[in-house]
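Chains as they are written, first to last, in the numbering used here: chain Y, 818 to 1210; chain R, 66 to 234.
Calculated directly from the structure, the hints in this document are not laboratory data.
Heads up, a few of these hints could be off.
Pairs of lysine to any residue, SDA-like flavour, derived with a Cα cap of 20 Å [to be verified]:
id : chain 1 : residue 1 : chain 2 : residue 2
1  : R       : LYS68     : Y       : GLN861
2  : R       : LYS87     : Y       : LEU1163
3  : R       : LYS91     : Y       : PHE1166
4  : R       : LYS71     : Y       : LEU1194
5  : Y       : LYS1189   : Y       : TYR1207
6  : R       : LYS71     : Y       : PRO1176
7  : R       : LYS80     : Y       : GLN861
8  : R       : LYS68     : Y       : PHE1166
Cβ-Cβ distance ranges computed for the label pairs, FRET-style [as the list claims (entries may be wrong)]:
id : chain 1 : residue 1 : chain 2 : residue 2 : range
9  : Y       : LEU906    : R       : SER90     : 30 to 36 Å
10 : R       : MET66     : Y       : ALA1203   : 25 to 31 Å
11 : Y       : VAL1013   : R       : PHE93     : 34 to 40 Å
For glycine and all other residues, C-beta sits at the position ideal for the given N, C-alpha and C.
Listed below are the residues making up each chain.
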Amino acid sequence: MPTPTLTQSVLIAILQAILVVVFIFVIVPLTLFAERKVLGYLQQRLGATRIAGTLTGLSGFLNRNMWKMGKIPMLSYWRGIPMLVGDVLKMILKEDILPTKADKFVFFIAPAISFVASVVVFAAISFVPGTLFTLPQWVPVIGGLPVAGAVGDVNVGLLWILGIASVGVYGIVLAGWASNSKYPLLGGLRSGAQIVSYEVPLTLSLLAPVVMSGSLQFSELSRSMAVGLPIWGIVPQFFGFFIYLTCGFAETNRMPFDMPEAENELVAGFHTEYSGMKFGFFYLAEYINMTVVAAIASAFFLGGPWLLPFGLQGLFNHFLSPHLPALLVTFLCEPHAIFFVGKIILLLFVYIWVRGTIPRYRYDQVMAVAWKYFIPLTLVNLMLAALVRYFAV
Amino acid sequence: MHKFLKTLIPFDIAKGMLITGKHFSKVFFSANRRKVPFHVVSEYPEVPAKMQPRFRGRLQLLRDEAGEIKCVCCMACEKICPTQVITIESDKKEVRKTKLPTRYDFEMERCIFCEFCVESCGFDSIILNHQFELAVYNREDMSIAMDGKFQNMFGISPVAKYSVADEKD
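Excised from the complex, chain Y in its bound form (with noise of 0.2 Å):
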């Protein structure tokens, strides 16, 4: 295998990073299709059916002889599934209102650093340690060349991850300030003091994996706490696991810790103001921010791009895999990029779940469990760990 030149590589990093909005922009408005519809399951009602809502307008016009004929509109035979381009369509759409005493220039950056800021983190994710494909040899430049399964698989990258995802909250406090209004304010405040909050605790949590691997690295991380260990890492992690969850729920704000954007308090928290595009990139960076919380909790506890469910990977890996057929070797002992995003979704569909069960905490419950409670706990994760580590692996 030739080693690659530097513009050989530079292209196959604008490969991979295309790569990763792909996944990106195709998992997001599945998620808010999967919003609609598994919330709606969830509470008992069908979820969006149609995006055919009057006479008038685009759906109208699609449906104006269904409507006449007395018939079913034509869309909601499909069980919704417009709705995901609906989705994304009326965020483009719709008109962008600039409040008069805002500050235009900060008003305009903070969605920009809030959603840069949740798909940078995406750098260093690794889908699949090593290859994630090889170039077939008719392409021009990098053909024949090894696609690697992250952007960047550096040595620090789960820093880099954890330090990333906390500029986000630069996006949010900045858009609250921006706005010169009360409510989006507030909202903004609340934020900035959940996310400080529970950040502590989160990183606490993802540092007993560190503890357990020895390594910063987020293809290593992964690896090691998917095979390096006889189970996967969610059972010596169980209380790790729950905690890390929990903190992710509340720095991407999600239902039971939505201070931000309690919509009963603060009208609509800190995107009160925003309308158009810029309301929808905080939107993106919000199921974005889920997605890699997702992809955390996929790749450290519950063993990444391997198969095979409830631990054990690592004693099969070990003890059965000589005895197998190639086929099934492939299939249940190596790493692939499809199991992951298939624990990603299911990650996905436990927040929304989690958001269709569990009301919201009260502010001052919110900042006593990340303070009384997730912070001493997760230290003595950690020594759990550290035990762990000495004693087993």
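Add chain R to chain Y, keeping to what the hints say.
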């Protein structure tokens, strides 16, 4: 200590998640599936609503297999009706062995849907069908007769043509 343990081990949250999960699976495995007999939710105005068999809708006169009106004008329903919404006039001349109604009026606006008339009927000639959308634009349409054009005693009214699954039990 008890409170601490309760916070530490979130049984309540797990219970809640189980409940919503049950709801999810119930809807997920029944929604939009034809073979499932009972749907938790249905797309009502487009898909006809299926009522329980004991549902009491509008009063309806039945015909037998030959197309004859089953009613024999015994006046049992008219007598038992608490709000006296049924008016029957019978034909004197004998077309068949029993009498035949020439008028069977039903004032739906005063009807309380108690089903006494159906219970009192000895010939099974009337039922309360499954039509539940009984709104009309004119008040006169509430008075239903045997020969009404908009709606009569023999069929479900056109208001409900999308919404009532036509089944007679």
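| message | Does Y:TYR1207 sit within 20 Å of Y:LYS1189, going by the straight-line distance between their CA atoms? | response | Distance ~28 Å between Y:LYS1189 and Y:TYR1207 Cα, so the pair is violated.
| Could one say that the CB atoms of R:MET66 and Y:ALA1203 fall in the range 25 to 31 Å? | Once the Cβ atoms are compared, 26 Å apart, the range 25 to 31 Å for Y:ALA1203 and R:MET66 holds.
| message | Need the status of pair R:LYS68, Y:GLN861: alpha-carbon distance at most 20 Å? | response | Given pair R:LYS68, Y:GLN861 is violated - Cα atoms ~33 Å apart, limit 20 Å.
| said: R:LYS91 and Y:PHE1166 were given as a pair; does the straight-line alpha-carbon distance stay at or below 20 Å? | reply: At roughly 16 Å apart (the allowed maximum being 20 Å), Y:PHE1166 and R:LYS91 satisfy the hint.
| Does the alpha-carbon distance linking R:LYS68 and Y:PHE1166 stay inside the 20 Å limit? | 30 Å, violated
| query | Taking 30 to 36 Å as the hint, is the beta-carbon distance of Y:LEU906 and R:SER90 inside that range? | reply | 32 Å, holds
| task | Could you grab the alpha-carbon distance between R:LYS71 and Y:LEU1194 and see if it respects the 20 Å cut-off? | result | Distance ~14 Å between R:LYS71 and Y:LEU1194 Cα, so the pair holds.
| said: Tell me if the beta carbons of Y:VAL1013 and R:PHE93 are separated by a distance inside 34 to 40 Å. | reply: Given about 39 Å between the Cβ atoms, the range holds.
| If you draw a straight line from the CA of R:LYS87 to the CA of Y:LEU1163, is it 20 Å or shorter? | 17 Å, holds
| said: Tell me if the straight-line CA distance from R:LYS71 to Y:PRO1176 falls inside 20 Å. | reply: It holds: about 17 Å lies between the C-alpha atoms, which stays within 20 Å.
| Is R:LYS80 within 20 Å of Y:GLN861, Cα to Cα? | Holds: R:LYS80 and Y:GLN861 sit about 17 Å apart, inside 20 Å.
When each numbered hint is compared with the structure, violations occur for hints 1, 5, 8.
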